[in-house]
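Engineer: Sequence:
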Amino acid sequence: MAQTTANAIADYIIQFCHKHGDSIANLHLQKLVYYAQAWYLALYDKPLFDEEFQAWASGPVQPELYDRFTSYKWNPISEHPEKVELPKHVEEHILEVLDVYGRYIYYYLERMTHDEDPWRKVRRGMPMDEHSEVVISKKSMQKYYKNLLEDEDEESVFTPKVRSGSLETAKV
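The opening position of the sequence shown corresponds to residue 75 in the working numbering, with each subsequent residue numbered one higher.
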């Protein structure tokens with residue numbers, strides 16, 4: 075059984091951003107929630123939440139979460155969700171993901187996801203701007219990110235590696 079929901083993870087991230095004086099737009103939020111799920115699958119061999127991501131032209135998107143914030147378009151989400159109570163290890167996990175990925179603008183995260191197998195393989199053969207509702211399987215996410223953890227020859231400077239139980243940005 076999953077630890078939480080995609081909406082709860084999104085609410086936690088929004089609260090974090092507001093608390094620290096940062097703004098976040100819908101598609102940026104999507105990528106951070108995606109990476110939270112991907113790395114949770116890789117680290118714990120189970121999903122953080124049950125909802126699925128689809129391989130949209132803009133990268134991985136969780137449709138119900140996207141619809142929730144669609145009225146903001148490209149603008150920062152001004153909604154102030156109620157405080158989310160998550161298990162301590164889940165909070166720590168999200169904070170690690172934010173530490174690694176939160177510093178990058180949406181477009182950069184989109185490009186990163188476009189270069190990674192879970193999105194790239196399900197979009198293979200599609201024009202870049204073609205609409206798609208193809209699901210990115212949790213199994214493919216888990217396999218890809220788990221392999222990154224085990225691959226000492228990985229050359230991406232943005233690949234989180236597990237060291238001493240926490241994620242860090244690999245310096246290659």
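Since the hints were derived computationally from the structure, they do not count as laboratory data.
Misleading hints may appear alongside valid ones.
What the hints assert, rightly or not - Calculated cross-link-like contacts (lysine-lysine; reagent style DSS-like; alpha-carbon spacing at most 27 Å):
{"no.": "1", "residue 1": "Lys220", "residue 2": "Lys120"}
{"no.": "2", "residue 1": "Lys147", "residue 2": "Lys157"}
{"no.": "3", "residue 1": "Lys93", "residue 2": "Lys157"}
{"no.": "4", "residue 1": "Lys147", "residue 2": "Lys220"}
{"no.": "5", "residue 1": "Lys220", "residue 2": "Lys162"}
{"no.": "6", "residue 1": "Lys212", "residue 2": "Lys195"}
{"no.": "7", "residue 1": "Lys93", "residue 2": "Lys147"}
{"no.": "8", "residue 1": "Lys120", "residue 2": "Lys157"}
{"no.": "9", "residue 1": "Lys162", "residue 2": "Lys195"}
{"no.": "10", "residue 1": "Lys220", "residue 2": "Lys195"}
{"no.": "11", "residue 1": "Lys162", "residue 2": "Lys120"}
{"no.": "12", "residue 1": "Lys120", "residue 2": "Lys195"}
{"no.": "13", "residue 1": "Lys217", "residue 2": "Lys147"}
{"no.": "14", "residue 1": "Lys162", "residue 2": "Lys213"}
{"no.": "15", "residue 1": "Lys120", "residue 2": "Lys217"}
{"no.": "16", "residue 1": "Lys212", "residue 2": "Lys162"}
{"no.": "17", "residue 1": "Lys195", "residue 2": "Lys213"}
{"no.": "18", "residue 1": "Lys93", "residue 2": "Lys162"}
{"no.": "19", "residue 1": "Lys120", "residue 2": "Lys212"}
Engineer: Which hint numbers does the structure go against, in order from smallest to largest?
Structural biologist: 4, 9, 13
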